[in-house]
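Since the structure of chain A is already known, use the hints to place chain B on it.
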Amino acid sequence: QQQVKQSPQSLIVQKGGISIINCAYENTAFDYFPWYQQFPGKGPALLIAIRPDVSEKKEGRFTISFNKSAKQFSLHIMDSQPGDSATYFCAASASGSARQLTFGSGTQLTVLP
Amino acid sequence: DAGVTQSPTHLIKTRGQQVTLRCSPKSGHDTVSWYQQALGQGPQFIFQYYEEEERQRGNFPDRFSGHQFPNYSSELNVNALLLGDSALYLCASSFDGEAFFGQGTRLTVV
Numbered sequence: 021q022q023q024v025k026q027s028p029q030s031l032i033v034q035k036g037g038i039s040i041i042n043c044a045y046e047n048t049a050f051d052y053f054p055w056y057q058q059f060p061g062k063g064p065a066l067l068i069a070i071r072p073d074v075s076e077k078k079e080g081r082f083t084i085s086f087n088k089s090a091k092q093f094s095l096h097i098m099d100s101q102p103g104d105s106a107t108y109f110c111a112a113s114a115s116g117s118a119r120q121l122t123f124g125s126g127t128q129l130t131v132l133p
Numbered sequence: 122d123a124g125v126t127q128s129p130t131h132l133i134k135t136r137g138q139q140v141t142l143r144c145s146p147k148s149g150h151d152t153v154s155w156y157q158q159a160l161g162q163g164p165q166f167i168f169q170y171y172e173e174e175e176r177q178r179g180n181f182p183d184r185f186s187g188h189q190f191p192n193y194s195s196e197l198n199v200n201a202l203l204l205g206d207s208a209l210y211l212c213a214s215s216f217d218g219e220a221f222f223g224q225g226t227r228l229t230v231v
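Chains as they are written, first to last, in this note's numbering: chain A, 21 to 133; chain B, 122 to 231.
Among the clues, some could well be false.
Partial list, computed: chain B residues near chain A (C-beta under 10 Å) [as the list claims (entries may be wrong)]:
1) ALA123
2) VAL125
3) HIS150
4) GLY163
5) PRO164
6) GLN169
7) TYR171
8) ARG176
9) PHE185
10) SER207
11) LEU211
12) SER215
13) GLY218
14) PHE222
15) GLY223
Far from chain A by the CB rule (all over 10 Å, computed), these chain B residues [unchecked claim]:
16) ILE133
17) GLN138
18) VAL140
19) THR141
20) SER194
21) ASN200
22) ALA201
23) LEU203
24) ALA220
25) ARG227
26) VAL230
I should point out that these hints are in silico values taken from the structure, not numbers from a laboratory. Ideal Cβ placement from N, Cα and C applies to all residues, glycine included.
For reference, chain A alone in the conformation it holds in the complex (with noise of 0.2 Å):
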């Protein structure tokens, strides 16, 4: 019950289009869902984050797309470029259990010149 699961693993984008990695969860005590990027030899950057009391959350070319009721929730990153590409991982965390995050597995985005 304390798994994100996450799709696809990886994902190859060409430079200007939309990259869409998906998120699932099971816990509905979770009320706290982050993305984060990382790049190799790094830790992870906190990206965008939302709460499950709205749909949608847009930050720059990035937007979180949350549905409550089937558990989802989604990452758009709009315009994608080069720079974009990393490993994405979703979390989410209860405020219940100090805020611990579980991560989904990860998604290799490759956005092609």
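Okay, now just chain B, sitting in the frame of chain A:
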């Protein structure tokens, strides 16, 4: 403002040895969590420290222990190292739920 800093960056240890990893949290952050990230996988929660006490623990054996100091910095100790402990060890500091990660310590056990 320095972010989360971890030391050392890389470390090679022999099976059976003990290792200590260190973390300095982001300024103003009072909570430190440790994660283990195996190659090609998402980070796995080890434990979290708040007010110098272990507040939450993930599914890791007692060989993994930690400490938090009054200045909120933290250490992760791993005893009796196994080959399977080879991973990137990440420290995250947080305040009000938002977690920021350091660059990690790459531990290789040979």
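Evaluation of the provided hints:
1. ALA123: Given a least distance of 14 Å, the restraint on ALA123 (chain B) is violated.
2. VAL125: For VAL125 (chain B), the interface hint holds, since the closest Cβ of chain A sits about 8 Å away, which is under 10 Å.
3. HIS150: Violated, because the Cβ-Cβ distance from HIS150 (chain B) to chain A comes to roughly 12 Å (cut-off 10 Å).
4. GLY163: Since chain A brings a Cβ to about 3 Å from GLY163 (chain B), closer than 10 Å, the hint holds.
5. PRO164: holds (5 Å)
6. GLN169: Result: holds, 5 Å to nearest chain A Cβ.
7. TYR171: holds (7 Å)
8. ARG176: Holds, because the Cβ-Cβ distance from ARG176 (chain B) to chain A comes to roughly 5 Å (cut-off 10 Å).
9. PHE185: The hint is violated - PHE185 (chain B) has no Cβ within 10 Å of chain A, the shortest such distance being about 14 Å.
10. SER207: violated (15 Å)
11. LEU211: Cβ of LEU211 (chain B) sits 5 Å from chain A, so the hint holds.
12. SER215: holds (7 Å)
13. GLY218: This hint holds: GLY218 (chain B) lies near chain A, its Cβ roughly 5 Å from the closest one there, short of 10 Å.
14. PHE222: Holds: closest Cβ of chain A sits about 4 Å from PHE222 (chain B), inside 10 Å.
15. GLY223: For GLY223 (chain B), the interface hint holds, since the closest Cβ of chain A sits about 5 Å away, which is under 10 Å.
16. ILE133: It holds; ILE133 (chain B) is separated from chain A by about 16 Å at its closest Cβ, greater than 10 Å.
17. GLN138: holds (24 Å)
18. VAL140: holds (18 Å)
19. THR141: The claim holds: THR141 (chain B) sits with its nearest Cβ about 19 Å from chain A, beyond 10 Å.
20. SER194: At roughly 17 Å from the nearest Cβ of chain A, SER194 (chain B) sits farther out than 10 Å, so the non-interface label holds.
21. ASN200: holds (23 Å)
22. ALA201: Non-interface label stands for ALA201 (chain B): nearest chain A Cβ at 25 Å, farther than 10 Å.
23. LEU203: holds (22 Å)
24. ALA220: violated (6 Å)
25. ARG227: Non-interface label fails for ARG227 (chain B): nearest chain A Cβ at 8 Å, not farther than 10 Å.
26. VAL230: holds (19 Å)
The structure shown violates the earlier hints numbered 1, 3, 9, 10, 24 and 25.
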